[in-house]
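**Q** Just so you know, the protein sequences line up as chains A and B, in that order.
Numbering-wise (this note's numbering), the first sequence opens with residue 12 and increments by one.
Numbering-wise (this note's numbering), the second sequence opens with residue 295 and increments by one.
Bear in mind the hints are in silico, worked out from the structure with no lab data behind them.
Calculated cross-link-like contacts (lysine to aspartate or glutamate; reagent style EDC-like; alpha-carbon spacing at most 20 angstroms):
#	chain 1	residue 1	chain 2	residue 2
1	B	327	A	104
2	A	75	A	104
3	B	327	A	107
4	A	164	A	154
5	A	164	A	27
6	A	75	A	65
7	A	164	A	130
8	B	373	B	502
9	B	373	B	499
10	B	327	A	103
11	B	373	B	497
12	B	327	A	99
13	A	75	A	118
14	A	164	A	20
15	B	373	A	99
To spell it out: a stretch of chain A is covered by chain B in this simulated footprint if at least three of its residues, at any positions, have a beta carbon under 8 angstroms from a beta carbon of chain B; those stretches are:
#	region
16	88 to 95
17	102 to 116
18	119 to 131
A few chain B residues that face chain A, going by a derived Cβ cut-off under 8 angstroms, partial list only:
#	residue
19	361
20	363
21	410
22	511
23	513
24	515
25	516
26	517
27	518
Backbone N, C-alpha and C fix where the C-beta goes; we use that ideal spot for every residue, glycine too.
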Amino acid sequence: LTLRSAGPDQTRALGEAIGSIARLGDVLALAGDLGAGKTTFVRGLARSLGVTDDVTSPTFVLMKQYQGRLPLVHVDLYRMNRVQELLDLGFDELLDGSAIVVIEWGDMVEDLLPPDHIEVRLMIGESSERVVELVPHGPAWAERSRDLFHATKAWT
Amino acid sequence: MLIAAIETSTAGCAVAIGTEGGVIAADASDDGKHAEFLIPALARLCDASGIARGDIEGVAVDIGPGLFTGLRVGVAAAKALAQARSVPILGVPSLDVLARSAGTDSSTVCACIDAKRGEVFAAFYRRENGDVRRLTEFTPYSPEALRAEIEARRDPTTLVGEGALRYRDLLASDNAEFARSSSARPDAGVLLQIAAPRLARGETDRLEALAPLYIRRSDAEINWDRKGFAQSRAERVKIPGER
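Throw the hints in and build the complete structure from the sequences for me.
**A** Here's what the structure looks like:
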């Protein structure tokens, strides 16, 4: 699924759209270079989950947890060099279905991700334009592909 | 010897106070708020039993394998208690506690902790003359692999623990039965009964060396080179506030 965003506002709104179909236990792996809009996307996602706290990048704290309509865990691998650092956060237990988990640079640890997850690749285009590729993985997302398609139609 | 026992290897949390002679008082919580429950519960047990904090002569703690977030709280609290009171500490594996509480006639016990991500941590034990001896290493299994292992062993086996109950259907086999569900989580009283005689004999762990048992470890590096932005990250990653 290849989508287009004209700028940060649309990227945030796309995060909201995907948040609107998110369920407990969903895992989103965000890929994309610095400034591509990963944290902006998460802000939208958090808003649609009813998170009222200010969402900032967890680059230096590694992980943040928010309580909204559904609990959201926001992880950033950027400062991590070893897989063990991620496991030391209790990563295995975060994936037990009790929250929605979004992982910035999640494509770096594909082996640790559950079979069902969505990869969100944000690519920098002309000026503020972004190309966003959504890659659903696993049988659960195969079943929900219609939901995903309808939720993101405005960005195609 | 008066021992405080701390159990946090699952979503539950439990404490007990007692001696080699038995448990004096115990309490448990099911809601997963280990940090909030632990220390106030121990204080309540002391007060209710007329025991002064300074009377505690040793600390027993479950070191897993199990729930990472719980173990981190329990082991840290136990170490702080032992250090502050200058008393010995002893770590006991969660599966040893579960196996001891299986309450069964089978000679073989398989203790299982839910390891999340579709796996259990399990070990096999043999009951002999009232004692329970561990036969295997702590190992992560898929339910299918554990069932195959149980069937290959052929012995009548009692499965104990939340990990076994969660995958009851997948683990069911002709030579396996399930322990009664009241023993689904490691019990702080059983932990105390395992640790107290050993502490009384002078067996102890070095405070600075005691750590939770992490079965899933990885020495893999995150491969930042893969997509060719390793260099830009290397330049930026050391500058706080950047990005």
